[in-house]
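Chemist: Residue strings, one per chain:
There are 2 protein chains.
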Amino acid sequence: MTWITQLTPLSFLRRSAGVYPDKTAIIHGAARWTYAEFARDAQRLARGLRASGVAPGDRVACLLPNVPAMLHAHFGVPLAGAVLVAVNTRLSAEEVRYILDHSGATVLVVDSALLGAVEPIRENLETVREIVVHVDPEGPDAGSTVTDPTYADLLARGDDGEDLPWAVDDERGTVSINYTSGTTGRPKGVQYHHRGAYLNSLGEIVHSDHDPSSVYLWTLPMFHCNGWCTPWALTAIGGTHVCLREVRGDAIWGLIDEHRVTHLNGAPTVVTTIMNAPEARILDYALVVTTAGAPPSPTTILEMERLGFRVVHVYGLTETYGPYTVCQWQDDWAALEPTRRARLQSRQGVGMIQTDAVRVVQVMGDDVTDWASVDLVDVPADGTTMGEIVMHGNNVMSGYFRDPDATAKAFAGGWYHSGDLGVMHPDGYVELRDRAKDVIISGGENISTVEVEQAVLAHPAVLEAAVVGVPDERWGERPKAFVILRQGKKAEPEEIISHVKTAIARYKAPRDVEIVAELPKTSTGKIQKFELRNKEWGGQERRIQG
Amino acid sequence: MTWITQLTPLSFLRRSAGVYPDKTAIIHGAARWTYAEFARDAQRLARGLRASGVAPGDRVACLLPNVPAMLHAHFGVPLAGAVLVAVNTRLSAEEVRYILDHSGATVLVVDSALLGAVEPIRENLETVREIVVHVDPEGPDAGSTVTDPTYADLLARGDDGEDLPWAVDDERGTVSINYTSGTTGRPKGVQYHHRGAYLNSLGEIVHSDHDPSSVYLWTLPMFHCNGWCTPWALTAIGGTHVCLREVRGDAIWGLIDEHRVTHLNGAPTVVTTIMNAPEARILDYALVVTTAGAPPSPTTILEMERLGFRVVHVYGLTETYGPYTVCQWQDDWAALEPTRRARLQSRQGVGMIQTDAVRVVQVMGDDVTDWASVDLVDVPADGTTMGEIVMHGNNVMSGYFRDPDATAKAFAGGWYHSGDLGVMHPDGYVELRDRAKDVIISGGENISTVEVEQAVLAHPAVLEAAVVGVPDERWGERPKAFVILRQGKKAEPEEIISHVKTAIARYKAPRDVEIVAELPKTSTGKIQKFELRNKEWGGQERRIQG
Numbered sequence: 001m002t003w004i005t006q007l008t009p010l011s012f013l014r015r016s017a018g019v020y021p022d023k024t025a026i027i028h029g030a031a032r033w034t035y036a037e038f039a040r041d042a043q044r045l046a047r048g049l050r051a052s053g054v055a056p057g058d059r060v061a062c063l064l065p066n067v068p069a070m071l072h073a074h075f076g077v078p079l080a081g082a083v084l085v086a087v088n089t090r091l092s093a094e095e096v097r098y099i100l101d102h103s104g105a106t107v108l109v110v111d112s113a114l115l116g117a118v119e120p121i122r123e124n125l126e127t128v129r130e131i132v133v134h135v136d137p138e139g140p141d142a143g144s145t146v147t148d149p150t151y152a153d154l155l156a157r158g159d160d161g162e163d164l165p166w167a168v169d170d171e172r173g174t175v176s177i178n179y180t181s182g183t184t185g186r187p188k189g190v191q192y193h194h195r196g197a198y199l200n201s202l203g204e205i206v207h208s209d210h211d212p213s214s215v216y217l218w219t220l221p222m223f224h225c226n227g228w229c230t231p232w233a234l235t236a237i238g239g240t241h242v243c244l245r246e247v248r249g250d251a252i253w254g255l256i257d258e259h260r261v262t263h264l265n266g267a268p269t270v271v272t273t274i275m276n277a278p279e280a281r282i283l284d285y286a287l288v289v290t291t292a293g294a295p296p297s298p299t300t301i302l303e304m305e306r307l308g309f310r311v312v313h314v315y316g317l318t319e320t321y322g323p324y325t326v327c328q329w330q331d332d333w334a335a336l337e338p339t340r341r342a343r344l345q346s347r348q349g350v351g352m353i354q355t356d357a358v359r360v361v362q363v364m365g366d367d368v369t370d371w372a373s374v375d376l377v378d379v380p381a382d383g384t385t386m387g388e389i390v391m392h393g394n395n396v397m398s399g400y401f402r403d404p405d406a407t408a409k410a411f412a413g414g415w416y417h418s419g420d421l422g423v424m425h426p427d428g429y430v431e432l433r434d435r436a437k438d439v440i441i442s443g444g445e446n447i448s449t450v451e452v453e454q455a456v457l458a459h460p461a462v463l464e465a466a467v468v469g470v471p472d473e474r475w476g477e478r479p480k481a482f483v484i485l486r487q488g489k490k491a492e493p494e495e496i497i498s499h500v501k502t503a504i505a506r507y508k509a510p511r512d513v514e515i516v517a518e519l520p521k522t523s524t525g526k527i528q529k530f531e532l533r534n535k536e537w538g539g540q541e542r543r544i545q546g
Numbered sequence: 001m002t003w004i005t006q007l008t009p010l011s012f013l014r015r016s017a018g019v020y021p022d023k024t025a026i027i028h029g030a031a032r033w034t035y036a037e038f039a040r041d042a043q044r045l046a047r048g049l050r051a052s053g054v055a056p057g058d059r060v061a062c063l064l065p066n067v068p069a070m071l072h073a074h075f076g077v078p079l080a081g082a083v084l085v086a087v088n089t090r091l092s093a094e095e096v097r098y099i100l101d102h103s104g105a106t107v108l109v110v111d112s113a114l115l116g117a118v119e120p121i122r123e124n125l126e127t128v129r130e131i132v133v134h135v136d137p138e139g140p141d142a143g144s145t146v147t148d149p150t151y152a153d154l155l156a157r158g159d160d161g162e163d164l165p166w167a168v169d170d171e172r173g174t175v176s177i178n179y180t181s182g183t184t185g186r187p188k189g190v191q192y193h194h195r196g197a198y199l200n201s202l203g204e205i206v207h208s209d210h211d212p213s214s215v216y217l218w219t220l221p222m223f224h225c226n227g228w229c230t231p232w233a234l235t236a237i238g239g240t241h242v243c244l245r246e247v248r249g250d251a252i253w254g255l256i257d258e259h260r261v262t263h264l265n266g267a268p269t270v271v272t273t274i275m276n277a278p279e280a281r282i283l284d285y286a287l288v289v290t291t292a293g294a295p296p297s298p299t300t301i302l303e304m305e306r307l308g309f310r311v312v313h314v315y316g317l318t319e320t321y322g323p324y325t326v327c328q329w330q331d332d333w334a335a336l337e338p339t340r341r342a343r344l345q346s347r348q349g350v351g352m353i354q355t356d357a358v359r360v361v362q363v364m365g366d367d368v369t370d371w372a373s374v375d376l377v378d379v380p381a382d383g384t385t386m387g388e389i390v391m392h393g394n395n396v397m398s399g400y401f402r403d404p405d406a407t408a409k410a411f412a413g414g415w416y417h418s419g420d421l422g423v424m425h426p427d428g429y430v431e432l433r434d435r436a437k438d439v440i441i442s443g444g445e446n447i448s449t450v451e452v453e454q455a456v457l458a459h460p461a462v463l464e465a466a467v468v469g470v471p472d473e474r475w476g477e478r479p480k481a482f483v484i485l486r487q488g489k490k491a492e493p494e495e496i497i498s499h500v501k502t503a504i505a506r507y508k509a510p511r512d513v514e515i516v517a518e519l520p521k522t523s524t525g526k527i528q529k530f531e532l533r534n535k536e537w538g539g540q541e542r543r544i545q546g
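Line by line, the protein sequences give chains H and E. Residue numbering for the first sequence follows the UniProt record's numbering, starting at 1 and increasing by one per position. Residue numbering for the second sequence follows the UniProt record's numbering, starting at 1 and increasing by one per position.
Bound-form chain H, shown alone (with noise of 0.2 Å):
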């Protein structure tokens, strides 16, 4: 007679609703809201998705800056027993059509400044039966009329009506779907299921040392891998979720004043910009920066901890609900000089509390298409030699949406494989190397993009780094690099080449260095490789690893 709970995130409101009633789970601009609020507005999205035809299983889409409605959807759609697409802001409307189909959602929750994605698609959708407009008070348009009903009109359909329980039935049932970016091929969906959702939120609260009194700055989408679980996680502590519409230097800095910001997540180049906002000081308190998305350089972990802040170091993936490794500080690491400390910060680092083992492996079998006979032989610990890093567990996506080729493929082996290469340091923290696609060969030596940019970065005057292969008549390729200065500097392109070798071997050091304005971004601040590749490579074809 084992009365076990199923896991699911949706408890965490239900305890936090209990136990601070009263204490501000949200804010955005001037608007406060309690946890009391916050889980009344779950309940009455919830009612009110019933109320419009969603049936438990259906997908509800939300396209969305990081708004309170935003919260509520991570909360009421799966109270509603529906499943949550939160879709990237950034994205054109045939990519939000594709999106919007393949998941087969049936309600979509649009911004009103977001609406230039959906009108030209919302007479070709596929399977959404209403769309559902969010006007925010704090957004541009603010007093605009629209014809479709409003998120409120939803909210109040649900007004209405008893409570839906705060529990589910099977914490392997889906909670939500994150499409991947696609930069090759279609975007893929992502299923998260409840379990992993709510382990993963644990995670979070113990890495990035949450705690009641957290104040939560809102600088990652939360349509990214769902804010890496931290609707859910921060929700769990009981701290406060601060809105944020846009990732601006400026109104960053103004609300870590005015609220005393305890923590942040965002990807480097999020971090970029707030250490280069106009406004940024040094902080009388420590913050806690929690960063991934590409490896911070040891030069941005130094300079971030000169303002104040303190760094904690994440690595994941879309398919692994964000963060599934950290760098773990080690105590030995306080006597280091610091740039050496900071190089140890900047691996990728070892699995989090709740997650298995992180393993770096070589892909072996005759027949590598025949996934199931795939052997995985994991490198040896030497910081050196490269291989395949996998993942497996509670922090792993169930599988790809309706796509059972590409989750088989995926899984070969029985480890998630992620396409990134990396080493394993003999402390046994991973080190990203590069993704297999963006790895320059040349004259058969395989070259780390990721080391060169370091390298390019701990130049003073460089502000960003993007590395690439391009062709090379003698090697097949050569490292180029792209380069943003920082405001006020100066360094010729040779300069900086002239550093870079005496910090790693001559024949990893850029051929060109090629000073830019601006790098081409996903809409989570990845620097798009591929973009920078194509128009060096112009039809040339290029051979691409494992």
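Note that these hints are calculated values from the structure, not bench results. Check before you lean on any hint, since a few could be wrong.
Said to hold, decoys possible - Here are the computed distance ranges between Cβ atoms for each label pair: (1) THR384/E <-> GLY414/H: 55 to 63 Å; (2) SER373/E <-> PRO56/H: 26 to 34 Å; (3) ARG260/E <-> SER213/H: 21 to 29 Å; (4) ALA286/H <-> PRO380/E: 41 to 49 Å; (5) THR384/E <-> ALA30/H: 36 to 44 Å; (6) ARG32/H <-> THR384/E: 57 to 65 Å.
Note that the coordinates shown come from a computational prediction; the quantities given were computed from them, not determined experimentally. Beta carbons are placed, not taken as given, at the ideal position from N, Cα and C, and that holds for glycine.
Please build the complex by placing chain E on the supplied structure of chain H, with the hints as guidance.
Modeler: Positioned in the frame of chain H, the structure of chain E alone reads:
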């Protein structure tokens, strides 16, 4: 294709040994063991048990103080696929025999200083095939020679061989059986599953605010609810375990000073021992004391805070892996007058982050012996209506070992019945009023002995107090207080009674106060009220509630 991993606390030592191989995991006297050594010894124990014929599902009993071997056992026994039975070290030989036979343990590991409880029964044990003697260099019998195999022999049997996987096939499988103290009948074997132990451990980390720098002093016996899962929780976070054979004030203060202990757990009586030791002094940092086992009085909470302790008040039972509720701190309490604040902090509180809600119910049904038909009706949240405290979910035992009747009775209506009477306050916090069997029925009114005790303890001369119902011709029962005075302090019974009448209703005040030198206690520091009562009632029958 969902590749979930079964939850088990074994994964915590796997991780910490990988992440912190050289960090001090265990301190015992002058000896130190790293996490790599801790994991190695757990593996040796597991292989040694296998080599000794222990098969998956077998029970392994340990009669040990809080020594490194007991920490090993919390990992090594389940690693061997077996079930840990940690036996109370204060039991008589006959009580130990009952537990060994009932659990069907095949191997017993016993500390040489505790052989007195084993020698008289060793020839009569039904299932124990081998007795292994643990000779502790820090123990009183350090130099003794034993004829049985020693713990060192057992580990040596496991020196060679492959490491066993830190994993289980079924998270709902039993990790340990903890026997209740059995004050009302035979001890019952409470079964914990891997899933519950894993989740409770994460909850302990969150609520006791552990981080990798935690230095935890083992004042709470590991045989008591597996030390509230702390062998697993502290290992998960990578803190340092400081072992302790005996709860003595001088030893505790010596270790606090030597290792700058950050955390300890214990019943209020343990806390009293610490606070009243001649070595007690005001700490220059906040040592977290997580306390449960009996409600701490507001007076105790204020004294602990004066010494610099940060009090985390939790509540639970053997059947709930130890803690299930926590008196979660509310920011607005900081502004309250200290006595009023301590009064709020002395309540048992709300469900922990990983538990279901806690309820206070009246058990309804025409036939309460027909448990399936039982209806549980929540009492009003008015702070006065008493009901039974019931719990549910992952943090509740899977049942009593080999006792389906007791299990069915304990889970009447689908919730675990604590046998504790309490009230639900308007803010959703539960407050324990009494054990069902301790509550005093006087002139038809229920009197909470806890409430009377807290009023008695507020008298400045009183160190400890226990209140029980004694026969009264007119009222049926009246409260009587047994009191230990503080050293050097004096108070007449009449003076204490008058003091109590200023704090609570006159009819609740004790009719008699008896000044005593000591109070009968269980091995875990709980006052044994039935002993006090038995003396007062002689042969007279007493009606018991609930």
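Chemist: How does the Cβ-Cβ distance of THR384/E and GLY414/H compare with 55 to 63 Å: does it lie in that range?
Modeler: 57 Å, holds
Chemist: Look at the Cβ atoms of ARG260/E and SER213/H and judge whether their distance stays inside 21 to 29 Å.
Modeler: 24 Å, holds
Chemist: Indicate whether the distance between the beta carbons of THR384/E and ALA30/H respects the range 36 to 44 Å.
Modeler: Since THR384/E and ALA30/H have Cβ atoms about 41 Å apart, the given range 36 to 44 Å holds.
Chemist: Is it true that the C-beta distance of ALA286/H to PRO380/E lies inside 41 to 49 Å, as the hint says?
Modeler: 45 Å, holds
Chemist: Is 26 to 34 Å a correct range for the gap between the Cβ atoms of SER373/E and PRO56/H?
Modeler: Hint holds: Cβ distance 30 Å, inside 26 to 34 Å.
Chemist: Given a hinted range of 57 to 65 Å, is it respected by the beta-carbon distance of ARG32/H and THR384/E?
Modeler: 33 Å, violated
Taken one by one, the earlier hints fail for this structure only at number 6.
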